[in-house]
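Asker: Read off the chains here:
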Amino acid sequence: IMSLFGEVPQATPVAVFKLSNDFKEDANPKKVNLGVGAYRTDEGQPWVLPVVKKVEKIIVADNSLNHEYLAILGLPEFRSSASKIALGEDSPAIQENRVGAVQCLGGTGALKMGAEFLRRWYNGNDNTKTPVYVSAPTWENHNAVFANAGFEDIRPYKYWDAEKRGLDLDGFLGDLESAPKHSIFVLHACAHNPTGTDPTHVEWMQVAEVMKRRKLFVFFDSAYQGFASGCLDKDAWAVRYFVTQGFEMFCAQSFSKNFGLYNERVGNLTIVARDSDNLKRVLSQMEKIVRVTWSNPPSQGARLVAITLNTPELFAEWWDNVKTMADRVLLMRASLQAKLQALETPGTWDHITQQIGMFSFTGLNPKQVEYMIKERSIYLMASGRINMCGLTTKNIDYVAESIHETVVNVQ
Amino acid sequence: MALLKSSKVISSIGTFSPSLGVLSTRNSSWWGGVQMGPPDPILGVSEAFKRDTSSKKMNLGVGAYRDDHGKPFVLDCVRKAEALIASKQLDKEYLAIGGLGDFTKSCAQLALGADSEVLKSGRNITVQTISGTGSLCIGANFLSRFHSASRDVYLPKPSWGNHTPIFRDAGMQLKAYRYYDPSTCGFDFNGALDDISKMPEKSVIMLHACAHNPTGVDPKPEQWKEIADLVKKRDLLVFFDMAYQGFASGDIDRDAWAVRHFIEQGHKIVLSQSFAKNMGLYGERVGGFTVVCNDAEEAKRVESQLKILIRPMYSNPPMNGARIAATILNTPDLYKIWLEEVHGMANRIIKMREQLAANLKNEGSTLDWQHVIDQIGMFCFTGLKPEQVERLTKEFSVYMTKDGRISMAGVTSSNVGYLAHGIHAVTK
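Residue numbers (UniProt numbering), protein chains in the order written: chain A, 1 to 411; chain B, 1 to 428.
One or more of the hints may lead you astray.
[Stated by the list, open to error] Distance ranges between label pairs, derived from CB positions:
(1) B:E354 - A:A61: 34 to 44 Å
(2) A:T12 - B:P200: 33 to 43 Å
(3) A:A61 - B:K336: 25 to 35 Å
(4) B:E47 - A:N66: 11 to 21 Å
Because the hints were derived from the structure by calculation, they are not lab data. Note that the Cβ used here is the ideal one computed from N, Cα and C, for glycine as well.
The following block holds chain A by itself, in its conformation from the complex (with noise of 0.2 Å):
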């Protein structure tokens, strides 16, 4: 019979997600998971934030909460707490009621919103051709964001330098000088996935220089407050400059790390705007977005985190948490750039306690990646980026000597 879907192809699989299946199905006792970009204890356990299981009896407990309907733009006790997270609890913004936030499905939902939105009511009316810069390299499902939304022109801006495993700053501010007008730049607040490598306070001050004279958009994709120094201020330093520069900007958060609270699609996109008129006009306008996507968000994901950023003693469990999840970070990083210069591995390996957050662009090409998989049972992406939570103290001599292995045999 013809089917009105025979036409419809494969689709290819989503990569970090056939890496994880890839090594579900591995044998090898030895097997480790450096590929999708969770937290991890130190016994390779998925880890329940202990503030996180507190509130949650909290909220079990309480017989006065339901289940009805959020408001369109969600919880209003999540989206103004998680706004001040991002933008420091005395903002001069938020005082000038000029600062607004729509609760999202995770930090992709709150992508997703502001790319709508954008592309409606930004630099014209349903303007697509308007250009949308993300980094070269950038976390892979930005530019489907963009794109789905409706962006035709999205373009790569430079940023890492392979050859000095850090940041192109002269080719980034190069491409802020040379894109079009309004162009949209996508920026990594802190923690950049996947490189690793953040620029300076003295770089990002260039960078907001140029945006500002050239009149580019600002658009922070937040998904690592907390996870990058260890300190939620400390990591939201670019954003708060940025905002102290008079930009309007839309920065994407997410909850997924920092609470571990992954599949609870807790996010948030946080609207600075010129004052409170235009800021209202543009949440009228996000309500008609999420009312054709979700109608709602979901409720208990955003519960959880009010609560905890509401609540002074569970505010401070929570500061503590995230310091344990960056410390043990900072601590598997230290430990496997230690044994690579103990096996003294060909190249230099500084960039990996250089490089701050979840990830690390090892320098692993994908031939050395491939090695990496099929002879040594360890599974990275093939930028050859590694997730340093998935190190632990039992596994770390194991990938440092498979890494040592790989670079000498693999050219």
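Given the structure of chain A, go ahead and fit chain B onto it with the hints provided.
Answerer: Frame of chain A, contents of chain B only:
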């Protein structure tokens, strides 16, 4: 500045932001040209209701179930499922893009029936979605991308207000077929058949599986059979929206009859399901989207493309609600309790319908209110005209949408008399 590009935008700046002056670059905003979005008609009703200080006020606008005290109702099976889940100390790792397997499997089973040939042959793909809206959004975008044969989606007249912008936003063209007959407050069967017979082949036709929103008017089984035949003759793609399974008649299988009949007749439907109402999981956003394919191989291809759609929207769906629903559907004791509770909710609605009709008669109304009893599900299309609705709101503080729709869920044994009194007053 980009804002200079359009004179329409310039005038908007003047209209909405007079304080900005004319294009002062230091103070101007990216958003000067953003118009204030029109208020949502249904939410607007709730907001007006909140502001009303009358002690007798009634909110018959929004479609969320209320118990006989007018309070939100958390199902017992839901509380029990939550306790069970809490005791398991599960982690919070990302779900697969297509959602929780335990959920999608039982979700499909609920709709299609446990002994469905479709399930046995694996020729359906069911993904977890963000409740009914999310399901429709995925479906609309999937059709837009892969149903090249037609851009046309036919909605019943009237339909849920959000259907139109969802499909339009996905790039589909909206059309309508006759459905509600205002002269009988019932189903315009002949009008529907007539319109369906003229639909171009391969157009998409949206059917409400049960408890039509907003009219509460459902076709009878014999009428469904004729519709199914005609739709097959016209070679139309059927999109079922089932947001009230169990909630309409109180019987899960009865409410899914139309969906199952169409499948038995060979239609390869797409189906949206919501668990907002029948499990009271509104804010947890639990839903499913199903495509019934030719065979398992095609289902795999379709699945891969659904994932490509979902990933850039929100990556993967939320766990909490799906876990609760899956636990209920897969734990026999909880499933039994759920069936009873759904039955209870539906029964309360049916009772309120009967009481409303009886009270109207007692008030002395000579109008025919049979449709209040005949209509099914949460909503009732009263037949009230906009002026009468306005009076009902102004004089009696009864809040409802302008089309005369009331949510029966907002009616209780203590306020049904007052409601009848008000309706009679504005219609006599």
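Asker: If a hint holds in the structure, say so; if it does not, say that too.
Answerer: Quick rundown of the hints versus the structure:
| no. | hint | verdict |
| --- | --- | --- |
| 1 | B:E354 - A:A61: 34 to 44 Å | 39 Å, holds |
| 2 | A:T12 - B:P200: 33 to 43 Å | 34 Å, holds |
| 3 | A:A61 - B:K336: 25 to 35 Å | 26 Å, holds |
| 4 | B:E47 - A:N66: 11 to 21 Å | 20 Å, holds |
Every hint from the earlier list agrees with this structure, and none is contradicted.
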